[in-house]
Amino acid sequence: MLVADKSIVVPGEEVAVGMDFLPTEGVYRDGEKLVASRLGLLSVDGRLVKLIPLAGKYLPKRGDVIVGKVVDVLISGWRIDINSAYTAMLSMKDATSEFIARGADLTRYFTFGDYIVTNIVNVTSQNLVDLTMKGPGLRKLSEGRVITVAPNKVPRIIGKQGSMVGMVKDATGCRITVGQNGIVWLQGEPSQEALAVAAIRKVESESHISGLTERIKAFLDDETKKLQAALNV
Amino acid sequence: MNELLKAHLSRWLGNGRRYDGRMLDVFRPVSVELGVTKNAEGSSRVRIGDTEVMAGVKLAVESPYPDTPKDGNLMVNVELLPLSSPDFEAGPPSEEAIEIARVVDRGIREAKTLDTKKLCIQEGEKVWAVMIDICTINSDGNLLDAAALAAVAALQDTRFPEYTGTSVNYKKLTDKRLPLVRAPISVTVFKLGDFLFVDPSVEEESIFDARLTVALTRDGKICAMQKGGSASLSIDEVGRMVDLAALKASELAGYLQGSNKLK
Amino acid sequence: MGYDKRVDGRRPDETRPIVAKAGIIKRADGSAMFRIGDTVAYAAVYGPRDLFPKFLQDPQRGILRCRYNMMPFSGAGDRVKPGGSRRSKEISMVTETALLPILNLEDFPNAVVDVFVELPQTDAGTRCAGICAAAIALADAGLSMKDLVAAVSVGKVDKMVVVDLNYAEESYENGDVADVPVAFIPRTGQLSLLQMDGLIDKESLKKALELGRQACSRIYDVQKAALKERFASAALVNGNNGAHGPVNGKGDSE
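Residue numbers (the working numbering), protein chains in the order written: chain L, -12 to 220; chain F, 271 to 533; chain W, 139 to 392.
If you are wondering where the hints come from, they were derived from the structure by calculation, not from laboratory data.
Hints are supplied without guarantee of correctness; some may be wrong.
[Unchecked claim] Heads up, simulated DSS-like pairs for lysine-lysine below, C-alpha to C-alpha not over 30 angstroms straight-line:
| no. | chain 1 | residue 1 | chain 2 | residue 2 |
| --- | --- | --- | --- | --- |
| 1 | L | K(-7) | W | K164 |
| 2 | W | K164 | F | K441 |
| 3 | L | K140 | W | K164 |
| 4 | F | K441 | F | K497 |
| 5 | F | K340 | L | K140 |
| 6 | F | K340 | F | K441 |
| 7 | F | K308 | W | K284 |
| 8 | F | K441 | W | K143 |
| 9 | L | K147 | W | K366 |
| 10 | L | K20 | W | K284 |
| 11 | W | K284 | L | K37 |
| 12 | L | K(-7) | W | K159 |
| 13 | L | K121 | L | K(-7) |
| 14 | F | K396 | W | K219 |
| 15 | W | K164 | L | K156 |
None of the values given here were measured: they were computed from a predicted structure.
Let the sequences and hints guide you as you build the complete structure.
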């Protein structure tokens, strides 16, 4: 290795020499050398060398549950902004189990600006993305607030088995939905909602520093005490 | 922004709070820097929160307009650079860019910021032209107030280049400052339902009912106004908006630290 | 007497002082500032994003679109009229071709990556400064690319082969001046921008290009440092906090 594991590398930086290493995501081979092809954290796992991206748009993946926004209502479905390079399609047949008559007013189901929790069922080689609303938890979102986080931080915001976001929900009493695409929807009582946003931002910016769960827990406890003290004055 | 998100944000504003924790009548942190680009005769950089604009003043010797043979020329232009927002496109100026430029221009003109008579070199033949260009670097809400503040700050920073009588030597700036009289400060007040707020975020800018930009001089005179938005305003509301603008304008005036003092 | 000492006292192979910073424009997907001497360039990247009108789309790969622009107050002398010129069109085009060889756009068919270069202050070498800023901004946007691109102007002022001509040198009047803006792909040493105006002999040109390559490798180090600086806090990863271990891959719902 030419660069230590977990260091930041930039495009064009040589990270390893020799045929023992295998380039995977974000790394390419040029003769004997392995070279970074994007900005990221180097991650070495045995012979496998990859980069964990530090920036970049969300790349749609089949099976991801995401939060999208209706940007167009078409003849047979809806066009959805999914915070990615491409918009996605939600077709009539995947939108509801109800029968929709030909020529029906589709805005009765979803209209411009609506936010939905949806599932990616297919991504083609041309990056055409198909969505479905059929599945548990998939629905139109109600009144609330939407924030955008870095898509590469989403796994940390959700946490193992949803532990991190679960903790934020429990502490604040907010309803929170985190899309794999970095769109987060929240709804709660104002001061609690503000706390939930602050906690999510804290996870986002400190996700790489160890002891994250404990730190977020302490943060939520402290802030909750402050809020209660302010109420009792 | 859709109705459900609007309803939620309105509820917050109704509670007197913004998403970023500010009260409704509070600006984000403001900073004004002078002399930020060396080829302009005067320049400034204004930040309001994450909104950032640069203003530059270029001076040139031109013929006066036929109807004002003894006055210098003033021009204000705004470039909403596509670099500063995903919503701006390259190409001819948008309505938004033209509106901001014209409102800033009116404030400066009507406050009589420049003593244009003193910009006359030879009546009917040669006058100084003062050209203010405002470029957006990061567009994160409230560009109008930022642009207006940047324009005045850049005027304060301006020095004349050497003029030989036939040509301008831009390489040599003199110590001579612009003949400035009075500063206009613009504050835009937004109305949503029964609530008034200032210095909106991009999100808040997408949900207001009406807005009123008020340019005030430091002695509290109103020198330009512009109403925007689809809703109408009552006389009483205009009164409240002007009062709030006046309060905030005196606060913003404190950020103008240029050595070329203005009233 | 010829031009044997540079006006600002630099060595022939020495660039003006360089400062670079990544992530200066929050609303952009990637951004950077690159300053060389008194020339300052800002660059912002938006995309990959949908491209309209549709006939511009390429179903094989994403396209790169660059726009080079001088702010109206950025130049020495007269105000630069907004709206672009033949000059700015051409520079936009060569900026595009300087950056294209490093970008992997195959994963983004029909989409566009927009690069906006703005000059708030100029003192020669603006297209090169713009390319340097743009390369940092593209990496900052997280795009897949084989390398960065570094650019500088080289040339000859009277008898002296020099790197990074400033305005005074470009406009030297007592002898021939050649201005050769070049961009190098640092790893391969290949040129992706080459223009020239003025007068120069073959030998001097070859020498100038070699000096340019060396200068670009130093510029690359500055670009690299700017990107690393921006994400420095992300390198603090310590121990087994499982930061990037397996997590439940599904979106979470209330």
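Checklist line | Hints violated by the structure (listed by number, smallest first) | finding: Hints 2, 4, 5, 7, 13 are the ones this structure does not satisfy, whereas the remaining hints hold.
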